[in-house]
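Asker: Each chain, letter by letter, is given below.
Protein chains: 2
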Amino acid sequence: MPQVKQINHVAIVVDDMEQALSFWRDALGMEVAELRDVPAEKSQVAFLPLRDSDVELVRPASADSGIAKFLAKRGPGLHHVCLEVDDIEGLLAQLHAKNIRLINEQPRIAADGKRYAFIHPESAGGVLVELYQI
Amino acid sequence: MPQVKQINHVAIVVDDMEQALSFWRDALGMEVAELRDVPAEKSQVAFLPLRDSDVELVRPASADSGIAKFLAKRGPGLHHVCLEVDDIEGLLAQLHAKNIRLINEQPRIAADGKRYAFIHPESAGGVLVELYQI
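Residue numbers (our numbering), protein chains in the order written: chain A, 1 to 134; chain B, 1 to 134.
Calculated from the structure, these hints are not laboratory results.
It is possible that part of the hints are untrue.
A pair counts as met if it fits within one copy or between any two copies, since identical chains are not told apart.
Said to hold, decoys possible - Derived lysine to any residue pairs resembling SDA-like cross-links, with alpha carbons at most 25 Å apart:
(1) K98 to P39
(2) K114 to D52
(3) K98 to D16
(4) K73 to D52
(5) K69 to M1
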């Protein structure tokens, strides 16, 4: 049976990266490991690693990105939770068999080789859930 | 300096616990360690532990609870992220000094002895952040 191992990260939509960093980095004292533009997703991302999980801050860099639409509709705040799994293909097949609506029926492959897929919030009680296999 | 150590849990508001469990437990295969009523918070809570972090499902048991108001306003979905810290008093003092708006200026003490406090979403880019010291 495929298993969910841990929370890999929690992603947060921000409208102003410097303002967000003034909270997460300067006030909470968390370290920013990486701050970079992601042109493929028309966004800017900051990674703040913790022991086993990251906090990710995502700022839309273009008004036509998915993240910009989320921001316009819901405002800044929690965006998705990412679960690390040990067998993403097996879990997607299991979810499919249980009629869970998937945004990605097959894993997508990130630039760093990680496989990931999103579950539709409609099947997850309004939560956007990402699955990740490292 | 007080430090944020890890994500302790991610809390999710649900309107129907059985429906939520059919996703998190039955479809994703996560284990439910505990399912109980929390009369003091007029809610029912399910804990689904992962390696270092939990997923918590919270269902309002009364229409006048804070969680019921959140559900009415925002719908079901991600509610808050809880960060485990090593010095909650020190971190609250640091946040206060940086003019971060706190819901709890002093830690509250849970039935099991854990100290916790919430940061106001207004100072955290729309995210409800809980701090936890175990």
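Asker: Taking the hints in turn, state whether each one holds.
Answerer: Comparing the hints with the structure gives:
no., hint, verdict
1, K98 to P39, "neither (35 Å within a copy, 33 Å between copies)"
2, K114 to D52, "both (16 Å within a copy, 21 Å between copies)"
3, K98 to D16, "between (39 Å within a copy, 18 Å between copies)"
4, K73 to D52, "neither (31 Å within a copy, 32 Å between copies)"
5, K69 to M1, "neither (36 Å within a copy, 38 Å between copies)"
Hints 1, 4, 5, counting from the list given before, are not met by this structure.
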